[in-house]
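Novice: If you read the sequences in order, they're chains A, B, C, D, E and F.
Per the UniProt record's numbering, the very first residue in the first sequence carries number 1; after that it's consecutive.
Per the UniProt record's numbering, the very first residue in the second sequence carries number 1; after that it's consecutive.
Per the UniProt record's numbering, the very first residue in the third sequence carries number 1; after that it's consecutive.
Per the UniProt record's numbering, the very first residue in the fourth sequence carries number 1; after that it's consecutive.
Per the UniProt record's numbering, the very first residue in the fifth sequence carries number 1; after that it's consecutive.
Per the UniProt record's numbering, the very first residue in the sixth sequence carries number 1; after that it's consecutive.
Don't read these hints as lab results, they were simulated from the structure.
Misleading hints may appear alongside valid ones.
Where chains are identical, the list cannot tell them apart; a pair therefore holds if satisfied intra-copy or between any two copies.
[Unchecked claim] Derived SDA-like pairs (lysine to any residue); straight-line CA-CA distance at most 25 angstroms:
(1) 2 to 59
(2) 2 to 82
(3) 2 to 180
(4) 2 to 270
(5) 2 to 76
(6) 232 to 145
(7) 2 to 175
(8) 2 to 113
(9) 2 to 247
(10) 232 to 84
(11) 2 to 330
(12) 232 to 60
(13) 232 to 27
(14) 2 to 124
(15) 2 to 67
(16) 2 to 158
Chain by chain, the residues run as shown.
6 protein chains.
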Amino acid sequence: MKRVVSFGELMMRLSPPGSERLFQSPQLRTFFGGSEANVAASLAHLGVRSDYVTRLPANAVGDAALAALRAEGVRTNNVLRGGDRLGIYFVESGADLRALRVVYDRANSGFATMAADALDWEMILHGADWFHVSGITPALGEGPSASALRAVEVARHLGVRVSVDLNYRPALWTGRDPAPVTRELVRGCDVMVGNPGAVAAMLGVRAGEPGNESDGVLRAAAEAVSAELGCKAVALTRREVVSASEHGWSTALYTAATGELHASRHYQVQVVDRVGGGDSFAAALIYATLDGRPAAQALEFATAASALKLTIPGDFNRVTVDEVDAIINRNG
Amino acid sequence: MKRVVSFGELMMRLSPPGSERLFQSPQLRTFFGGSEANVAASLAHLGVRSDYVTRLPANAVGDAALAALRAEGVRTNNVLRGGDRLGIYFVESGADLRALRVVYDRANSGFATMAADALDWEMILHGADWFHVSGITPALGEGPSASALRAVEVARHLGVRVSVDLNYRPALWTGRDPAPVTRELVRGCDVMVGNPGAVAAMLGVRAGEPGNESDGVLRAAAEAVSAELGCKAVALTRREVVSASEHGWSTALYTAATGELHASRHYQVQVVDRVGGGDSFAAALIYATLDGRPAAQALEFATAASALKLTIPGDFNRVTVDEVDAIINRNG
Amino acid sequence: MKRVVSFGELMMRLSPPGSERLFQSPQLRTFFGGSEANVAASLAHLGVRSDYVTRLPANAVGDAALAALRAEGVRTNNVLRGGDRLGIYFVESGADLRALRVVYDRANSGFATMAADALDWEMILHGADWFHVSGITPALGEGPSASALRAVEVARHLGVRVSVDLNYRPALWTGRDPAPVTRELVRGCDVMVGNPGAVAAMLGVRAGEPGNESDGVLRAAAEAVSAELGCKAVALTRREVVSASEHGWSTALYTAATGELHASRHYQVQVVDRVGGGDSFAAALIYATLDGRPAAQALEFATAASALKLTIPGDFNRVTVDEVDAIINRNG
Amino acid sequence: MKRVVSFGELMMRLSPPGSERLFQSPQLRTFFGGSEANVAASLAHLGVRSDYVTRLPANAVGDAALAALRAEGVRTNNVLRGGDRLGIYFVESGADLRALRVVYDRANSGFATMAADALDWEMILHGADWFHVSGITPALGEGPSASALRAVEVARHLGVRVSVDLNYRPALWTGRDPAPVTRELVRGCDVMVGNPGAVAAMLGVRAGEPGNESDGVLRAAAEAVSAELGCKAVALTRREVVSASEHGWSTALYTAATGELHASRHYQVQVVDRVGGGDSFAAALIYATLDGRPAAQALEFATAASALKLTIPGDFNRVTVDEVDAIINRNG
Amino acid sequence: MKRVVSFGELMMRLSPPGSERLFQSPQLRTFFGGSEANVAASLAHLGVRSDYVTRLPANAVGDAALAALRAEGVRTNNVLRGGDRLGIYFVESGADLRALRVVYDRANSGFATMAADALDWEMILHGADWFHVSGITPALGEGPSASALRAVEVARHLGVRVSVDLNYRPALWTGRDPAPVTRELVRGCDVMVGNPGAVAAMLGVRAGEPGNESDGVLRAAAEAVSAELGCKAVALTRREVVSASEHGWSTALYTAATGELHASRHYQVQVVDRVGGGDSFAAALIYATLDGRPAAQALEFATAASALKLTIPGDFNRVTVDEVDAIINRNG
Amino acid sequence: MKRVVSFGELMMRLSPPGSERLFQSPQLRTFFGGSEANVAASLAHLGVRSDYVTRLPANAVGDAALAALRAEGVRTNNVLRGGDRLGIYFVESGADLRALRVVYDRANSGFATMAADALDWEMILHGADWFHVSGITPALGEGPSASALRAVEVARHLGVRVSVDLNYRPALWTGRDPAPVTRELVRGCDVMVGNPGAVAAMLGVRAGEPGNESDGVLRAAAEAVSAELGCKAVALTRREVVSASEHGWSTALYTAATGELHASRHYQVQVVDRVGGGDSFAAALIYATLDGRPAAQALEFATAASALKLTIPGDFNRVTVDEVDAIINRNG
């Protein structure tokens, strides 16, 4: 069984019942999530040995976060405990015209305040097949940033493949240019995941006009990322938000070695929960690549998996390989 | 900050969980609502100083109604307490083919049995900018009817602008002609809100064929109302009930002074809760007018606000000015 | 299988979740109940053929009431449909120091407004073994009162045994003396159920000092009722409300023919739901009497059944004969 | 009032809240259902005297099943009690791309292990107007199979009309050919309900190519069934599963006596709960036929009723005749 | 109507359902609370004009906090909006042996980071009758501390009576001596509320041995506080935690002018929610004092009110004057 | 960290909300539990490396069971997948007079039908410190019985300590004498857990009169078990069921080597959930023994832990070592 390590911040998500507005009822549903944790949970459901690395506070909230990861089948041997709190985000899913609303309360988390040298990446990555991190992690603090860069460095040294999902969150970069650290993180990776807007904002790589996500623009962006930063593959996602309840979803994958750009099937999805769509795409692409599926098939697998995610409550994509393949076959 | 006074009956609404039929589970969700209360709650969320006037029983049910109003930010200084009960209505939202089902149990409420002279309208309307009432109020009893007419009279005297939403409910007028009292209520108002059917049934003003709601028919109805009853503006709503889950929603606004008829953008809405759509339209039109927005812009604001309402559980439109403007800008 | 007919008003009860105050959350749990309906439901669970007679509105609320009765196994062939509404009562159970709070909204129900001759008691009581009614029924309206008296008359004529539970509710008798009609109802019955306070207030039969419920006082009251009104047996209940969460519960049964007064075992109960305790006592006494148990044993059965009721949410005593006998054996 | 008897297995259905995956929350909603029970419940709501015959375990689960049937208005006089357990099925409704998922745990139920001669069909069917059974029943065990065949035989003898819904469930027939027993069950029935695939698999009657459900293919299948097995009418359903949330739904009815094939209106339904659609069709067709509606109208009634079912949570179609007729009129 | 101003931090409280451990289910019940907010809410229910002053973040969480206050009838005109977050605390109520568990996540709240001069106390306290603050407020930050001291100074200047509830929370004072600022806050107040332990820890006033709460020790502590700090009255609470589900509750009130020490009735309470007990005592003591009740009666009122609080879910004491007086009369 | 292996059947438990009767609402709360699984979960919370061995069906129900174990921190590497179903039990907790009610539906589970040689006990127990099994396991089927005996044999061979909890369930042994296999299982174990009744029924070891659980009787039973079967220690539990809501709880531990009998402190517990009390005692005794605590202290730890369990919903004892020690210290 392949082993994938992912590293990032886990948060508690609190959402109102049904399609209510936040705090309309005195009830909140708890979920746990975070970009890399979502990847780790997806991978566990896909049958991969999935190790997740983070830092959780040593209290009942941190215990609950740990239990939630374990319930999904994620391995948590390398989870640190400490710090003052777990970050929280409040999510109102919206409905049709009423857009998704997210209120973040994530500052000063145990993860953001971790020490740069708290993790022994040689030990953690020993024997791993893949390492995954997002562009959110270096934005969260000095410790996470240095640790993520160190992890990528060690992974390269040990021959562990690396993927980076840009995950552009402007609010986390206020007053700072994300490019220097993100370019460092992405340089030489095996797979970079993002969209043209994130490529421009986080890597300083501009290709085509903003808002235009034609295949030509995607190709230009992918080629530029590969050329400038040496990424072996670039995966790009396209989400068309028709409304809070309906999204168009498709992706493309550029392989530097062949210069091929594969464009996926398009899914028009009645959305149950949009959070974690991109993360489930990254996870399924890692799975399918490790499974040896050719690029075009890996892309279809990842796209179907992430379209399916949009129909599942919570951040985690609780689907098996068989369920994803059934989508592909049904629509093939 | 502008101050708007509204007057009418507040009821308790009881609905089953999710998309269940009434009493399929032994659970009911409580809401509070009523045409003018919905207007008052919307206005409070839009940042207006919103005073609501009603009569609630002096028991735990009345206390809960009062708390619900206050939670929305509505001012309740002029709420009377007394009478035997609060009216109740049971609402099953339906789904797709299965239509909305409402069971009313509103007779003999504290509001319906209030005395005609229970309210000192000179005091209540002193310093107000706007007074709003619906055509439901005079149908509920002698006291409410006389009090509503007195309120309109005082408002005119004090220079307070007046709006009336026809809100035609045939069951409340069984065996009676609504025209005499409703015409009196509407006469000379600043804004009348309704639809061609209500205009015909409640004002005895007929224009065009029933069921036809073309712009020409709307204009004819509006012109007739203005000409006969001296209303300065007439707002007309068009709801196309595709199914319990999907409505078309658009509106028009006729301004007597200019003879202009503005037709709004059309919204095709996946409906979460259809109750209170017209009320939220009236509220947002009052807000936008008081805010000094020109007729066409005020209409777009009110239409977007009320389309948004259809996506929110309960009777109240819990949306801010920024949220409504974002809809307009996104779709503009 | 024995057949028992009971007649009275069914209402919808609405209660908040857990130990909350009314309307603290926007959730209500629906129950259905009413003194004679509670008797009917208890009897059905005890395996008796239990016919309940009432009048329910022909709407979704009435349908739900009917479904609730049927689910308990109550026969509803003789339930009339009509009238404007179902009565409602809001129940907050309280906890410890915080007392039970009930808000009634029962006026103008379909039952209260039924016609005096709406029911054909000869047909309904044909072949029945027992008829049960409470002192609430004649308080609710002219129709119910006349119909109840007629039912008792027909029952006597047909040799159907009759029980009456006084169930004194002062609020229903404001400005009226309950004695004339209640004495008429009780006269000659096979079993009267009540407590010394109700005997005084509703029958005008005074024995002993108020507040004193010693065996001597109970005997005096029972003897007086038997002597004055010809009741063959008088059952008296004693509830000591230590707090909303703890009640003492015991009963006594006087048999006119023998002059014996049996006093039951005393139960100290941690109360889950106090509503329907007396009704479940009456039902179990009817069952045990029909089952041929001697007076002392019938009394112990009825007392255990009603103590058990206090531990069950809702108005209905959902317990089997085996469960009641197990209580007696365990404590015997 | 007409009396219809149906016979089959009742199970407990457990479903997660909202659109969650199974066991995502530690909460399950209980429903009860089963092909013939769904027919019986629908008929009760349509105002028919509906008798349901099954065997339920003599424990709290069986008691709950019985209470659920009674709450719907189904008559349960002929329900046997015994056996070890009630079958259970876990249903995840899915959403859009995510398909319905059902996990069965139905083996060794009290019904499956009933004796072949446990029921006195002469007594049960005496005075009945119609008998209904599905093709699931004979698959469940020797006892149910023999009893179902005996019931059909007795029905024919007593002049009770018979309908059979094929309800093909491949998992129940593993390693067995359903044709011998199913052909016996269907032979000479008044109405057979199914679809071309079920006709081929369960009756060995092939007409047209698989997957093709054109009117021509439907007619061919219906004619073959009538010719070979002597069915007087053949009703065929067509469900196009666009996604878990959207189905196309239409039906056709072939009348052997006239050779006419009526095709129903097509409904495109936003699905709330797909379970029980076919059962509600059968029930409404029985009702409309007994009500004397001509074939084309009976078919429209049954199709509208079953389209409406798809919008109702649970297996049972809780709709009245008026509600179904309103759908037809609204769309007519 | 009397007007009371209170000032402090409001937090969101999150609790698991029923008697579960934290995060045992993925559900949390939201409450809002905080020492002075609890006082303000209690006062509003007691019919006092209750103004609460705090600082809430300008986001959906702050909006919900504001709505919760308003729903209780608290006036929020002087609530500031700003800062990064609302403090949160997770409360597991425990049961019997299993003790209450609280996890705080309150650092960096909008209240803690408010500016020292953000509030215009002359304006806010103009016309007020009473000002209340707890010893928690100065522990939370420089701004709250300075503002609280300023409020007390202004109150004295304007003749507004002042109460201070010590509310000792060791975790908030780690590494700091609470005495200097708390003594300043308490000096010259009209009523100080606390217990002997808090008096020792926060005021540096020691009287008697630790753990001993006899009347003599209470008197000694009260006399010392009055003598050293000039408090006109000292109220002391005694809570005996038998288990998480059962508390003993009694209080004493020392009046400096007379030297009298009144000891209250003792309540043994089955606890539903222990949070806010002391706050409800302070609120009811303020109410009863403003109502002109003599010391001994005011103390009994406050003790009954706070015993009642222990039976109510949430932090707020939702009880009326009549309900409290009923407890006194019932037990009197 | 010590490693403990436990082996037995895991079931799904379904319970109604609050204090309701089974199926009173259409809602069930899911838990997972089973005697040895409860031990395994307790040990994981106590910080032990806890390996649980069972067989779960390869479907969504088995997946949920696995996720539930993992969430508690139990290691599931040696869990087999297969068989037809997971056993289910329905639990109504009761209240006061109303006793606990359990309905089992556990036949034909994947565990009961496992093969005798399905598990490689040499591999599983390699490096373990302790093996635990209950007397339920051999009752469930040939495979579990043979596998349990083999596990004990291998454990002895590898020097792994062994504990057996008798857990007498008469319904599982109908028509069979449990003694032969249970004696074999218990022979030579390090700790046997039981009560005098189970010792008599399952081991055929009688000491003292039935129903008498004095220290003398306990000692006699323990000595007999040690003498006859060579158990090194015998732990005996005493539960006095005052009512469904209140239990007395105490234990005793006999050490064969010293002949000492330690009797624990007595706890009088307000019960939240009685299921799993004995299992949590066994788990905590294993923990404390492995932790090197002397017999008397280990017994107090285990008794406090299991008393605490009675206050926690579900079968699992979610408490830490610190929480248990706090109970001991508080009561010490």
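Novice: So, for every hint listed, does it hold in this structure?
Specialist: Verification of the supplied hints:
1. 2 to 59: Intra 32 angstroms, inter 23 angstroms, cutoff 25 angstroms: inter-copy only.
2. 2 to 82: For residue 2 and residue 82, only the inter-copy Cα distance (24 angstroms) is at most 25 angstroms; the intra-copy one is 29 angstroms.
3. 2 to 180: Neither, since 32 angstroms and 47 angstroms both go past 25 angstroms.
4. 2 to 270: Cα proximity of residue 2 and residue 270: none, with 33 angstroms in one copy and 41 angstroms across.
5. 2 to 76: both (16 angstroms within a copy, 19 angstroms between copies)
6. 232 to 145: Within one copy, since 23 angstroms is at most 25 angstroms while 56 angstroms is not.
7. 2 to 175: neither (40 angstroms within a copy, 38 angstroms between copies)
8. 2 to 113: Answer is neither; intra-copy 31 angstroms and inter-copy 32 angstroms both fail.
9. 2 to 247: Classified as neither; 33 angstroms inside a copy, 40 angstroms across copies.
10. 232 to 84: Answer is neither; intra-copy 39 angstroms and inter-copy 41 angstroms both fail.
11. 2 to 330: Neither: 28 angstroms inside a chain and 45 angstroms across chains, both beyond 25 angstroms.
12. 232 to 60: Result: close neither inside a copy nor across copies, 42 angstroms intra and 38 angstroms inter.
13. 232 to 27: So residue 232 and residue 27 fail the 25 angstroms test inside a copy (46 angstroms) and across (43 angstroms) alike.
14. 2 to 124: Result: close both inside a copy and across copies, 15 angstroms intra and 23 angstroms inter.
15. 2 to 67: both (23 angstroms within a copy, 21 angstroms between copies)
16. 2 to 158: Answer is within: at 15 angstroms inside a copy they meet the 25 angstroms cutoff, but 33 angstroms across does not.
The structure does not agree with the numbered hints 3, 4, 7, 8, 9, 10, 11, 12, 13 stated previously, though it agrees with the rest.
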